[in-house]
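Line by line, the protein sequences are chains Z and Y. Okay, so the first sequence: first residue is 1 according to my numbering, each after it adds one. Okay, so the second sequence: first residue is 1 according to my numbering, each after it adds one.
Since the hints were derived computationally from the structure, they do not count as laboratory data. Please read all numbers here as calculations on a predicted model, not as lab measurements. All C-beta atoms in this analysis are idealised placements derived from N, C-alpha and C, irrespective of residue type, glycine included. Certain hints may be false.
Said to hold, decoys possible - SDA-like, lysine to any residue: derived pairs with alpha carbons at most 20 angstroms apart: (1) Lys11(Z) - Lys109(Y); (2) Lys42(Y) - Asn28(Z); (3) Lys45(Y) - Asn28(Z); (4) Lys45(Y) - Lys11(Z); (5) Lys42(Y) - Ser65(Z); (6) Lys109(Y) - Glu5(Y).
Said to hold, decoys possible - Just some of the chain Z residues that point at chain Y, by a computed CB distance under 7 angstroms: (7) Gly42; (8) Leu43; (9) Phe90; (10) Thr103; (11) Phe106; (12) Glu108; (13) Gly109.
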Amino acid sequence: DAEITQSPRHKITETGRQVTLACHQTWNHNNMFWYRQDLGHGLRLIHYSYGVHDTNKGEVSDGYSVSRSNTEDLPLTLESAASSQTSVYFCASSEYAGTSGNTIYFGEGSWLTVV
Amino acid sequence: RKEVEQDPGPFNVPEGATVAFNCTYSNSASQSFFWYRQDCRKEPKLLMSVYSSGNEDGRFTAQLNRASQYISLLIRDSKLSDSATYLCVVNPSKYGGSQGNLIFGKGTKLSVKP
């Protein structure tokens, strides 16, 4: 079955370190997204991509970067981890069809703690 | 006014009860609407889309009121397994296709008790 996987699922890192969260989907979806979810804020969009070599900033992109070198992967990099980036991160994907009704499928989440 | 607002709850209801959640959105040009379900420490999953004419899926009924800019979700005959957080999701894009513009509400927590 097609799926979307994230790794690592849990990570503890130190302030100032670079961290990369991997996201891999096997649906051949054009659209991929990264969200973070925090108590009191709900899901907030970090970055998104509509296809290979396309990346766009979301609502809370500062301190994060992404690259899209193929259809399947959208890794999220924290250039210099900060305690404010402690959160659960969800990767998601959807099929591009030019309509707004496409279902977004989420990965299982990556719990990141910055100490 | 926040873009998508939901009552955070929690809604504590007995099994078999009927419960309704409302969600309001601020962008009158919003084109598509959804309800997602999220279990504790799990990823959100699509529960149902919300259509202008209203739609039903088993015990779940979703309604859209464009004039008042709100969406509702009705759950009949609540089950223990319905316990979760329900997220209201709005795509404010006039032209559709812009999945990056999805706006998620903070969610309403439902707890169904025996």
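If you take the shortest Cβ to Cβ gap from Leu43(Z) to chain Y, is it below 7 angstroms? The hint holds - Leu43(Z) has a Cβ within 7 angstroms of chain Y, the shortest such distance being about 4 angstroms.
Item checked: Restraint satisfaction for Gly109(Z) [CB to CB of chain Y, less than 7 angstroms] -> holds (6 angstroms)
ask   = Is Lys42(Y) within 20 angstroms of Ser65(Z), Cα to Cα?
value = Violated - the C-alpha atoms of Ser65(Z) and Lys42(Y) are around 24 angstroms apart, more than 20 angstroms.
* Asked: Does the interface hint hold: is Glu108(Z) within less than 7 angstroms of chain Y, judged Cβ to Cβ?
  -> holds (5 angstroms)
Do the numbers back the hint for Phe90(Z), that is, is its least Cβ distance to chain Y under 7 angstroms? holds (6 angstroms)
Checklist entry - Between Lys45(Y) and Lys11(Z), is the straight-line Cα distance small enough, at 20 angstroms or below? => result violated (24 angstroms)
*Are the Cα positions of Lys42(Y) and Asn28(Z) separated by 20 angstroms at most?*
violated (23 angstroms)
Checklist line | Restraint status (C-alpha distance of Lys11(Z) to Lys109(Y) at most 20 angstroms) | finding: violated (27 angstroms)
* Asked: Any CB of chain Y closer than 7 angstroms to the CB of Thr103(Z)?
  -> holds (5 angstroms)
Restraint outcome when Gly42(Z) is required to lie within 7 angstroms of chain Y by C-beta distance: holds (4 angstroms)
Does the alpha-carbon distance linking Lys109(Y) and Glu5(Y) stay inside the 20 angstroms limit? At roughly 13 angstroms apart (the allowed maximum being 20 angstroms), Glu5(Y) and Lys109(Y) satisfy the hint.
Pair hint Lys45(Y) and Asn28(Z), alpha-carbon separation not exceeding 20 angstroms: Holds, at roughly 19 angstroms.
Checked against the numbered hints above, the structure violates hints 1, 2, 4 and 5; every other hint is satisfied.
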